[in-house]
Amino acid sequence: DAKTTQPPSMDCAEGRAANLPCNHSTISGNEYVYWYRQIHSQGPQYIIHGLKNNETNEMASLIITEDRKSSTLILPHATLRDTAVYYCIVRVALGSGNTPLVFGKGTRLSVIA
Amino acid sequence: GAVVSQHPSWVICKSETSVKIECRSLDFQATTMFWYRQFPKQSLMLMATSNEGSKATYEQGVEKDKFLINHASLTLSTLTVTSAHPEDSSFYICSAREPGTFGYTFGSGTRLTVV
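Line order of the protein sequences matches chains A and B.
So for the first sequence, this note's numbering puts the first residue at 84; every next one is plus one.
So for the second sequence, this note's numbering puts the first residue at 1430; every next one is plus one.
No lab work stands behind these hints: they were computed from the structure.
Among the clues, some could well be false.
Here's a subset of chain B near chain A, in silico, CB distances under 7 Å, partners left out [what the hints assert, rightly or not]:
#1 F1457
#2 T1461
#3 F1468
#4 S1472
#5 L1475
#6 I1522
#7 G1532
#8 Y1533
#9 S1537
Glycine included, C-beta positions come from ideal geometry on N, C-alpha and C.
Working from the sequences, and respecting the hints, build out all of it.
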């Protein structure tokens, strides 16, 4: 699986958009970008994933650069409940096989009132 | 969506006793479950892969005789920490993937404190 690089921490004002970057310069053509988050003392929660097109769901938007070497997770209106560690994971489609997710260090997002 | 139920959510035990953590997939069958361990301010570290009806596969450095995994049915995997010591105090999390879906679902985690 390709390696990812994320900033260790970020702050965001409540109500503002939170933009979390992720570098994955060695991503392969068949690898997707997945985002999970972990709120303190809870299990990780799936947010969104994408291959090359930008994606949006009720939680967030995922912007992937054209060369696919980096991506940005966008929380459009961050709330205090979005304070968590956000993990960017790159790997082949999860629908194939039963290999585990491998977590990096992630970005600790603090949403400030 | 898929739900993985994990309990207990927290447990305190004395040194050299054993603790069992259960992980159940609700409304779907999980032939494979994964167990992670997380120390404070660190990321999740994969401990083992639990396969229904067969032996678990352990990651390097994880003692299989200490962390006993049983996956006796398609909806239940258990992790037993045997002869626990204070250094085993950690946050243990399980996960599974609902067949035909693209995401993994995680349990809510178990905070183990060994005193």
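Consistency of the hints with the structure:
1. The beta carbon of F1457(B) is not positioned within 7 Å of any beta carbon in chain A (closest approach about 13 Å), and the interface hint is therefore violated.
2. Hint status for T1461(B): holds, given a least beta-carbon distance of 4 Å to chain A, under 7 Å.
3. Below 7 Å, beta-carbon pairs count as interface contacts, and F1468(B) has none with chain A, the closest being about 13 Å; its hint is therefore violated.
4. Because the beta carbon of S1472(B) sits about 5 Å from the nearest beta carbon in chain A, less than 7 Å, this interface hint is met.
5. With a least beta-carbon distance of about 5 Å to chain A, the hint placing L1475(B) at the interface is held under the 7 Å criterion.
6. Evaluation of the I1522(B) hint against chain A yields a held restraint, the C-beta minimum of about 5 Å falling below 7 Å.
7. For G1532(B), the interface hint holds, the least distance from its beta-carbon to any beta-carbon of chain A being 4 Å, beneath 7 Å.
8. Because the closest C-beta pair between Y1533(B) and chain A is about 6 Å apart, less than 7 Å, the hint holds.
9. Against a cut-off of 7 Å between C-beta atoms, the interface hint on S1537(B) holds, since the closest Cβ of chain A lies about 5 Å away.
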